[in-house]
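S.K.: The primary structure of each chain is shown beneath.
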Amino acid sequence: MGLIGAELLSLARKAGAKSIAVVGTGKNVGKTVVVATICDALRAEGTPYGLTSIGRDGEAVDVADALAKPRLLLHPGAVIATARGVLPAAPAAQILDLSALASAAGEIVYAGVRQSAFYEIAGPPTASGIRASVRRLFELDAKFVVLDGAVDRIAALAGEQHAVVVAAGASNSGTPAEAVAEVRALVARLQIPKADPAAPALVIDGALAPSTVAKLIAAGETRQIVVRDPTQVAVRGKAFLALSTHLQLRCERPLVVIAVTVASIGRDRYFEPRAFLEEVASATGLPAFDSYAGKMVAA
Amino acid sequence: MKFEGFFDTATATALRFDWLVDELQPVTDYGRRIFAQLEPFAPGQHARAQEHAQRIATMSAALDASRIDAVREALRSAPDASGAIARASMGDALTDVNFLEIQRFCDVLARTGTLLGEHSPYTLPLCEEVHRTLERGRSAKFGFYLEDRFDSELAAARTHLRDAQAEFENARALLTARIAHSLDRADGGTAEFIIMRDELRGPIPQGVRVIREAPTYYLCELELDEAALQALRRRDDATGRVACLEETVRARLSDVIRTKSAELQEASSVLGAIDVLVAAARFTQRHACTVAQYALGDVFEFTGAHFLPLQSELERQDRTYTPISLKFCGAAVLTGPNMGGKSIGLKTCGFIAACAAFGLPVPATSAKVALFAHIAWLGVGIADDEEGLLSSFAREVVRLRDTLLIKRQPELLLIDEFARTTTPDEGRALLLALIARLRERQICALVATHLSGIASAAGVSHFAVRGLRSMPEGPPDADLHAALAQLAQLMDYTIELVTGDSKNAADAIFLAGLLGMDRPFIESAWQLLGGGEKQKH
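As you go down the protein sequences, you meet chains A and B in turn.
Oh and the first sequence: position 237 is 305 in the working numbering, straight run, nothing missing.
Oh and the second sequence: position 368 is 626 in the working numbering, straight run, nothing missing.
Keep in mind that the hints were calculated from the coordinates and are not lab data.
We treat Cβ as the ideally placed atom computed from N, Cα and C, and that holds for glycine.
Take the hints with a grain of salt, since some may be wrong.
Okay, derived cross-link-like pairs now, DSS-like style, lysine-lysine, Cα gap no bigger than 30 Å in a straight line [unchecked claim]:
id : chain 1 : residue 1 : chain 2 : residue 2
1  : A       : 95        : A       : 82
2  : A       : 95        : A       : 306
3  : A       : 86        : B       : 399
4  : B       : 399       : A       : 211
5  : B       : 626       : B       : 665
6  : A       : 283       : A       : 306
Computed footprint of chain B on chain A, listed as stretches where at least three residues anywhere in the stretch have a Cβ under 8 Å from a Cβ of chain B [claimed, not checked]:
id : region
7  : 161-169
8  : 182-190
9  : 340-349
Isolated chain A, as found in the complex (with noise of 0.2 Å):
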């Protein structure tokens, strides 16, 4: 276990970025899976790493239906940022810092582990409380930080030095071209270029509303269409191609999309492994990796 942990960090960094969040299509799609290969990869070549979650993850059944889910087995060298509800009492862990940010879990608080053990993450649910904990986590020594994201609150790691992971999996599309058509929309949403400041603009304040989006498309506009960040686009699916397709969609802080993942294994559908995992990579363009059959597949 770790090699394709090894290659999302080799990824990562070779765009230069110090961090990698996972998202993901929905829900059960492997990113606790694949959050738990990259720190094993860290962990092997002896790198110290911090790692948190928008929200909560590593849970031991999934809370919405308590169905059992993936764990994460930490070791000794990973810093944690995670609600204070969630620390197991054993074994201890080190109490590094303390923190205002609030979860529903109660405020966040920075350990070290000392001893291994199953960890659940439940990581500040803001942007900005994301921004300070993935910063408090370098200033605790982190050398990489782990991030378990969420789509639409990733626009903290917006324009910064932070590598994103797409995980793709059957769970949440009923069929595998449904699943590659979400994701590959997913992606491109994502990837919205960085705008031109010496092109023609409107500039969009806040969220880009499907709404606005019909009306800029109908009066046949022409200008960059420029967003805060990719997370800015409230247009999703398909409707994203095919607006895409209209306007100049740019942002002022961009994401670095690097990998794609692929889970093919459903709670109740699976999907032909290899075929799923080619059909992503030819869609989106960037490098696929399936962590339970062991393969991958170049951009």
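Guided by the hints, dock chain B onto chain A, whose structure is given.
M.R.: Chain B in isolation, oriented as in the chain A frame:
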């Protein structure tokens, strides 16, 4: 700071009480809890109010600004350990996060005690036994860990756990490597992994459990062999032993905290009081405040007074603020030109009275003030948030009616151009009737107006703002900021007692010109006024 009953929201807004509250904000949760409950001293509590203000002034004089900042910086790092202390007092076992909170709280106690030295008017319990006990868990300078030194058996148990974990990982790694080899893979994959049917040469390898089958693959997981299961059993036993010892240490530490919880609770209260006091001392120092003399009766007297919210705003614009002085008993009338500072004169009275009522040093070089039970603002500056169907005059009258229904002595009324929106004759009559009512009720009041002859007709003191020193020169400037700066240069904001009957000067035509009205318009106004007024300046 609670002001219900002392003044209403409209008066608080007019006097910029929000600004004062911001200036006095403590930095700890302990301080904020006390601060939220502060109430004005009641009439009759002169000695307590004076003692409170003196305590603040003494600290302000004893500590220089950098020391005050250092104390606040130390206080700012105090986590809110109240919940942990309360839980421990009830015999609950605390968590490691709680221990760090209490340790940092004790650090702040020690640091604050050192910084304040003998200048703290309160005895700050340092909770040394708790501090000493938790010191053994200090880790990486600012952190806390249930270190091995807390229990002689802990170190051995943890070593045993590490060994057992390593043994289990090795056993598992051997299995994983064997399976990876048999499947011709570079590594063992994840906890759950896929074997493609068409890549499988022979049967499913031993040690692999199939958990789901699909037409093209098997979803599998590792099946531990006997050696790995034994190692896992030993690892789990070791984990249990460490957990048990750690809980014992936590219970012991919690017990120390429980026995000292009263001292910790007292320390948190004192720390909060110090936080509130230091914030007030900082306010006193920054604004050169002095302790007011608390007077009985309706006397109101101050020199060199500042309405601080306006002063800070002016200073941000590199403009200077002119302090004012005033002395009156009972009711008095204040007249003066437009933009001459009548409203600010009234607000200064209210601001100083409010500071004194909360036992704070006041922003003046000297002050003598009653401990008012109620302050009310009437007139300009009241937000039109209610009574939408009423005219401005009607709103004013309704507010006056309601204010006069409140009978809490001593009372301070600040009346800014009452009845300005009706005819001058009727406005004058209403104003005189109001002053007569104020005198009858022995209400301390300052009444600002543009109407002439009010003070002499009402038989009360008359104060006036001196007004423009000279006529503005040059053409009207379209730049409002420059016009205001020029006006500030030309205006003499001094308030003086006026003896005899004098006609009020509004300087309104000069000001209209200065603020950009065109020359023909201004000339026309002068002519309509009678021409002679222009030369007066």
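S.K.: Now, for every hint given, state plainly whether the structure supports it.
M.R.: For each hint, the structure was consulted:
Of the supplied pair hints, the one linking residue 95 of chain A and residue 82 of chain A holds, its CA atoms being roughly 29 Å apart against a limit of 30 Å. At roughly 19 Å between alpha-carbon atoms, residue 95 of chain A and residue 306 of chain A fall within 30 Å of each other, so this suggested pair holds. Annotation: proposed proximity of residue 86 of chain A to residue 399 of chain B holds, straight-line Cα distance about 26 Å (limit 30 Å). Taking the CA atoms of residue 399 of chain B and residue 211 of chain A, the gap is about 20 Å. The hint holds against a cut of 30 Å.
Restraint check for residue 626 of chain B and residue 665 of chain B: the C-alpha separation of about 23 Å stays at or below 30 Å, so the hint holds. As the CA atoms of residue 283 of chain A and residue 306 of chain A are separated by approximately 18 Å, the hinted pair is consistent with the 30 Å bound. Coverage of a stretch by a chain is defined here by at least three residues with a beta carbon nearer than 8 Å to that chain's beta carbons; for the region 161-169 of chain A and chain B the count is 6, and the condition holds. Remark: the region 182-190 of chain A is confirmed as covered by chain B, as 4 of its residues place a Cβ nearer than 8 Å to a Cβ of that chain, reaching the required three.
As drawn, the region 340-349 of chain A meets chain B at 3 residues by the rule of a beta-carbon pair under 8 Å; at three or more, the given contact holds.
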